[in-house]
Every structure is written in C-alpha cells, then in structure tokens.
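Protein sequences, first through last, are from chains B and E. The opening position of the first sequence corresponds to residue 1 in the working numbering, with each subsequent residue numbered one higher. The opening position of the second sequence corresponds to residue 1 in the working numbering, with each subsequent residue numbered one higher.
Bear in mind the hints are in silico, worked out from the structure with no lab data behind them. All values reported here derive from a predicted model rather than from experimental measurement. Note that CB positions come from ideal geometry on N, CA and C, so glycine has one too. Check each hint, because a few of them may be wrong.
Pair ranges (Cβ atoms, derived) [what the hints assert, rightly or not]: (1) E/130 - B/168: 42 to 52 Å; (2) B/167 - E/54: 31 to 41 Å; (3) B/38 - E/135: 45 to 55 Å; (4) B/162 - E/54: 47 to 57 Å.
Far from chain B by the CB rule (all over 10 Å, computed), these chain E residues [as the list claims (entries may be wrong)]: (5) 31; (6) 50; (7) 55; (8) 85; (9) 145; (10) 171; (11) 178; (12) 179.
Spelled out, the chains give:
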Amino acid sequence: MSPHPLHVEEALLGFDAREVSLPPWDASRRDLYLLRRDVQKPLSVDSTVWPSLFPVDLPEWRGPNQGLWDDLSRLRASLGQRSSQAHWTVAVSWVSIDGFSKPSPSAGPYREPMTPPAIDPAWRRLGFDVADAGLTSGLTNCGYLQTEVAGLRASWASDLNEHHLFTDVAKAFAFRDLTDRRVPEHAPFFAYALWLVEGQRSR
Amino acid sequence: MLAFLAQAAIAQQSVDRGQLAHVRALLRSSRPELTQEQFALLSGKLTRTEQAYAELLALTEAGAGTTTVAETAGAILGGAAELLPLLIAFWPATAHAPGNKEEKPQVRAAREKLDEKLKELSQAAREVDEARKARCPPCTSPLPPHRVDADHTHHPCPGKHVHYWVWEQNPTTCQCFMKDRLACL
Chain B
1 MSPHPLHVEE ALLGFDAREV SLPPWDASRR DLYLLRRDVQ KPLSVDSTVW PSLFPVDLPE
61 WRGPNQGLWD DLSRLRASLG QRSSQAHWTV AVSWVSIDGF SKPSPSAGPY REPMTPPAID
121 PAWRRLGFDV ADAGLTSGLT NCGYLQTEVA GLRASWASDL NEHHLFTDVA KAFAFRDLTD
181 RRVPEHAPFF AYALWLVEGQ RSR
Chain E
1 MLAFLAQAAI AQQSVDRGQL AHVRALLRSS RPELTQEQFA LLSGKLTRTE QAYAELLALT
61 EAGAGTTTVA ETAGAILGGA AELLPLLIAF WPATAHAPGN KEEKPQVRAA REKLDEKLKE
121 LSQAAREVDE ARKARCPPCT SPLPPHRVDA DHTHHPCPGK HVHYWVWEQN PTTCQCFMKD
181 RLACL
C-alpha cells in the first residue's frame, strides 16, 4: 500500500550546506515561530531558520533557486575552508500533487537542470516544509499571532517531527493551503522536501 | 568578494604541486565553458607556471612532502565558476608568502620567476572572467515593486519589514532569475 494516496512528484531545486553547531533557539523565538516549542532547533528550507554556511549575498552564481546550488559537486568544491565547520549537506525538492501542471511562477521555484538531476535513494528525507517561492518558511519563519497560535498548535503540532517538519505530505499540503490564507502577502506557498545528502559530525 | 577572500586565504599557504594539479584538472573540466582562445591562454600560462614551479622544486627539493589534494580528491567536477576565482586568488596572495632571507641567489631567482608566472596566470584568469561576465546582457526586465509587510514577522525583524527583488544571472546560460531579499524596517 502506498504511504499516502496522493500522486506525489518531486523536482530537485538545489543543494546547500547547513550549519549544525549554532546554539538552540531561545524560548522567545520558539514561542513566536514554532508550533512545537519542544523542538530546540528546527530544520527548514529557509536559511534564516536553518543557516547556510554561505552568506546570502555571495557573489558567485549558485543556482536558480534562492540560496541553493544547482550542482552538488560545485557546492562541495566551493566550501573551501568552510568545510571544516560542522554541517549537513542537504537537497531541497519541490513537491507537487498535480503533476506540476502549472509552469513555474515568475519568482520561482524554478525547475531547472540540476547535477545530479534527481533524488538519490541513499539520501534521507528529513521531512516536508511549507515555504514561499523565495523559500521563506510559512511553518517556522512567519510569526504566529497570539490570537491564532494556541489553536494551530492544537491542530498541527502532533504532525511535526523532531525537526519541526511534516512527515506526511498530505498534512504538508493541508498546511500549505492554510498558510496561503494565514500569510496572504507571501502566497502562493509550496510544499518542499528537505533531504539529508550527507552529515559531518553529529547534530 | 567574500569567496574571493576565502580563496585568497587558501592561496596564502603558497602554491604547491597539489594545487597546480587541481587547477590543471579544473581547467580540463572547464573546457566546454571556455572559448578556444580562452582555454589556450589559460593552458599556456598554467604550463609556464608548472615549469617555473618544477624549476624551483628542483633547486629546493621542498616539494617532496607537499600535499597532493587533487591527486587524492578523485574526479574533478568543478567548472569555470570554480577555476577562475581560484586562479585570480593566486595573485597577489602568493606574492607575499614569506621567503627565506638566506636562500641562494638561484633559488631566489626561481622563486621570483614562479611569482611572475603566477601573476601572469592570475591576470589571464581575470581577463577571462571579465570577458565571460560581459558576455551576458544584463537582466533588464522590470522587477516587481518592493512590498512592506507589517502584519507578520520574519526573524530577525521584530515587526515591519520590506521584501524586494533582485536579479541573479546564470553566467553560463545568461538566464535571469528573480530572488527575494528581506530588510527590517
């Protein structure tokens, strides 16, 4: 039996090296941005939530999608001295349940050639995130209002794993629809999968 | 700029056989991205740098224990985007590597020749890099207007913030991609 009834397709959007040595979030940030406050340090496609080893304004070409490299080997080669920092190498994919029937929006995400071109079976899926075209997470980086947060926690916290990511893609899509309404300025939101390509040192 | 400085910091350890082998492998893998003239220019400059390095090595025998990164790193898959910043960083960083005041005149001459070849290689890489960047027309399509949001927050902005857009261009295909930027107000 399929783990979920949806017909899920994924398009690889790129790769990044993410830190694993910064301290946990403080309580006030967890109160404002998390549905599971017991998660000390969430993971996300959003590099504000889970920082990249590379700065936002890196002048070199990385790839078409926000902050992501389109070539895994080029990413590794560009790490240079950064490679001595503890980090996880991750891949991000755009998840679709309608066969990518609509073209990429003008602001992304962009389905462009990647190297390697597809998800490797050896990679481990860390979970599903919900974010806008620029990878601003609607799950962990759009502050929850005090008037809404208790209800949202009651409804959704149990669907989030230890990384504060959805494990069930159907739940991720339901949360995407909710986030389109909750933060309309950033809509449309998309469901993304975060993949662990390789980790250096334990998190 | 940051990446350039990082590369320069690596180069400051002075050039060794491993780095030159790495650069040679990178140049080979970059060939499809370079014009015939660009490849010939860089290949020729690199050959003369390798020769100067071999001459210095023969005089000092100092290279026997140097690292051989490229020889142990497996297949080189990087392209011109990796090669050119690396070559540009070869100079002036390496020029300031401390020399040995007591070295023999012929060693000093060989070292200065190597520095000169590295400088020429670096300058050639800079020219190629500039030519490649100039190859793409700028991204001129109008960007969406910036947007000020006040009814939700993003870390680290405590409240009102602005989203604005910038173009980033693939230097190989010249395609333009819109990217989101955030600033706190």
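- Item | Minimum Cβ-Cβ distance from residue 178 of chain E to chain B exceeds 10 Å | The claim breaks: residue 178 of chain E does not keep its Cβ more than 10 Å from every Cβ of chain B (closest is about 5 Å).
- Task: Test the statement that residue 31 of chain E is away from the interface with chain B: the closest C-beta pair must be farther apart than 10 Å.
- Result: holds, 16 Å
- Message: Over 10 Å from every CB of chain B: does residue 50 of chain E meet that, or does the non-interface label fail?
- Response: holds, 21 Å
- Message: For residue 85 of chain E, is the shortest CB-to-CB distance to chain B above 10 Å, so the non-interface label stands?
- Response: violated, 7 Å
- Message: Beyond 10 Å on every Cβ pair: is that true for residue 171 of chain E relative to chain B?
- Response: Residue 171 of chain E not clear of chain B: closest Cβ-Cβ about 5 Å, inside 10 Å.
- Note whether the CB distance of residue 38 of chain B and residue 135 of chain E lies within 45 to 55 Å or breaks it. At roughly 52 Å between Cβ atoms, residue 135 of chain E and residue 38 of chain B fall inside 45 to 55 Å, so the hint holds.
- Task: Just tell me: holds or violated, for the beta carbon distance of residue 130 of chain E and residue 168 of chain B against 42 to 52 Å?
- Result: holds, 51 Å
- Using the C-beta atoms of residue 162 of chain B and residue 54 of chain E, is the stated range 47 to 57 Å upheld? holds, 55 Å
- Against chain B, does residue 55 of chain E hold up as non-interface, every C-beta pair farther apart than 10 Å? holds, 29 Å
- Message: According to the definition I'm using, a residue is off the interface if its beta carbon is farther than 10 Å from all beta carbons of the partner; does residue 179 of chain E meet that for chain B?
- Response: violated, 6 Å
- Item | No chain B beta carbon within 10 Å of residue 145 of chain E's | For residue 145 of chain E, whose nearest Cβ neighbour in chain B is about 13 Å away, the distance exceeds 10 Å, so it holds.
- Assessment of proposed distance window 31 to 41 Å (beta carbons of residue 167 of chain B, residue 54 of chain E): This hint is violated: roughly 58 Å between Cβ atoms.
Going down the numbered hints, you'll see the structure goes against 2, 8, 10, 11, 12, while the others check out.
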